[in-house]
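J.: Sequence:
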Amino acid sequence: MTAAFHIDVPHTDGTLAVIALSGEFDITTALAVRTRALDLISVGHPDLVADLSGVTFCDSSGLGALVGIWRCAKDADGSLTLAAIPDRLSRLLSVTGMDTFLPAYPSAEAALAARQGNHTTA
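Going by the working numbering, the first residue of the sequence shown is number 19, and it counts up by one from there.
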């Protein structure tokens, strides 16, 4: 039986949004994550922080969703930053080379602070 999966958006501010994931990030949930992220991008939040602290499992579909979200954010002049990556997922990101283009922070708060520090408002 698959653990319940949840997608929450605990924070939005200007172009930034935090999307918090919990449960199994796999072939059955990856499309929902991508869809929710693309919805955020389309309404003016192209700078996303993905809080992965609650992810209990991630397969290649989950990794593919992250790459797709990163590309869409980049196309919208935004970015994807990862936060609170569980050890088991950190190893996957390293092995696949995703850690070379997806910045990561120890917590969503640290990622958000870093992202906000990189933004200037006109």
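No lab work stands behind these hints: they were computed from the structure. Check before you lean on any hint, since a few could be wrong.
SDA-like, lysine to any residue: derived pairs with alpha carbons at most 25 Å apart [what the hints assert, rightly or not]:
#: 1; residue 1: Lys92; residue 2: Asp117
#: 2; residue 1: Lys92; residue 2: Ser79
#: 3; residue 1: Lys92; residue 2: Ala38
#: 4; residue 1: Lys92; residue 2: Ser112
#: 5; residue 1: Lys92; residue 2: Asp44
#: 6; residue 1: Lys92; residue 2: Thr114
#: 7; residue 1: Lys92; residue 2: Asp31
#: 8; residue 1: Lys92; residue 2: Leu81
#: 9; residue 1: Lys92; residue 2: Asp26
#: 10; residue 1: Lys92; residue 2: Met116
#: 11; residue 1: Lys92; residue 2: Pro28
#: 12; residue 1: Lys92; residue 2: Ser108
#: 13; residue 1: Lys92; residue 2: Arg52
#: 14; residue 1: Lys92; residue 2: Ala22
#: 15; residue 1: Lys92; residue 2: Gly62
#: 16; residue 1: Lys92; residue 2: Glu127
#: 17; residue 1: Lys92; residue 2: Leu111
#: 18; residue 1: Lys92; residue 2: Ala128
#: 19; residue 1: Lys92; residue 2: His29
#: 20; residue 1: Lys92; residue 2: Leu110
#: 21; residue 1: Lys92; residue 2: Ile45
#: 22; residue 1: Lys92; residue 2: Asp77
#: 23; residue 1: Lys92; residue 2: Ser125
#: 24; residue 1: Lys92; residue 2: Thr118
#: 25; residue 1: Lys92; residue 2: Gly32
#: 26; residue 1: Lys92; residue 2: Ser71
#: 27; residue 1: Lys92; residue 2: Val113
#: 28; residue 1: Lys92; residue 2: Ser60
All values reported here derive from a predicted model rather than from experimental measurement.
J.: A separate judgement is required for each hint: does it hold in the structure or not?
T.: Hint check:
1. Lys92 <-> Asp117: holds (16 Å)
2. Lys92 <-> Ser79: holds (20 Å)
3. Lys92 <-> Ala38: With a Cα-Cα distance of about 20 Å, the restraint between lysine 92 and alanine 38 holds, given a limit of 25 Å.
4. Lys92 <-> Ser112: At roughly 21 Å apart (the allowed maximum being 25 Å), serine 112 and lysine 92 satisfy the hint.
5. Lys92 <-> Asp44: holds (23 Å)
6. Lys92 <-> Thr114: holds (20 Å)
7. Lys92 <-> Asp31: holds (18 Å)
8. Lys92 <-> Leu81: holds (17 Å)
9. Lys92 <-> Asp26: Answer holds: lysine 92 to aspartate 26 is near 22 Å, not above 25 Å.
10. Lys92 <-> Met116: Holds - the C-alpha atoms of methionine 116 and lysine 92 are around 15 Å apart, at most 25 Å.
11. Lys92 <-> Pro28: holds (22 Å)
12. Lys92 <-> Ser108: With Cα atoms ~22 Å apart, lysine 92 and serine 108 stay inside 25 Å; holds.
13. Lys92 <-> Arg52: With Cα atoms ~14 Å apart, lysine 92 and arginine 52 stay inside 25 Å; holds.
14. Lys92 <-> Ala22: violated (30 Å)
15. Lys92 <-> Gly62: Holds: lysine 92 and glycine 62 sit about 13 Å apart, inside 25 Å.
16. Lys92 <-> Glu127: holds (22 Å)
17. Lys92 <-> Leu111: Given that 25 Å is the threshold and the Cα spacing comes to 19 Å, the pair holds.
18. Lys92 <-> Ala128: holds (21 Å)
19. Lys92 <-> His29: Answer holds: lysine 92 to histidine 29 is near 20 Å, not above 25 Å.
20. Lys92 <-> Leu110: holds (22 Å)
21. Lys92 <-> Ile45: holds (23 Å)
22. Lys92 <-> Asp77: With a Cα-Cα distance of about 23 Å, the restraint between lysine 92 and aspartate 77 holds, given a limit of 25 Å.
23. Lys92 <-> Ser125: It holds: about 22 Å lies between the C-alpha atoms, which stays within 25 Å.
24. Lys92 <-> Thr118: holds (15 Å)
25. Lys92 <-> Gly32: With a Cα-Cα distance of about 17 Å, the restraint between lysine 92 and glycine 32 holds, given a limit of 25 Å.
26. Lys92 <-> Ser71: holds (23 Å)
27. Lys92 <-> Val113: Holds - the C-alpha atoms of valine 113 and lysine 92 are around 23 Å apart, at most 25 Å.
28. Lys92 <-> Ser60: holds (12 Å)
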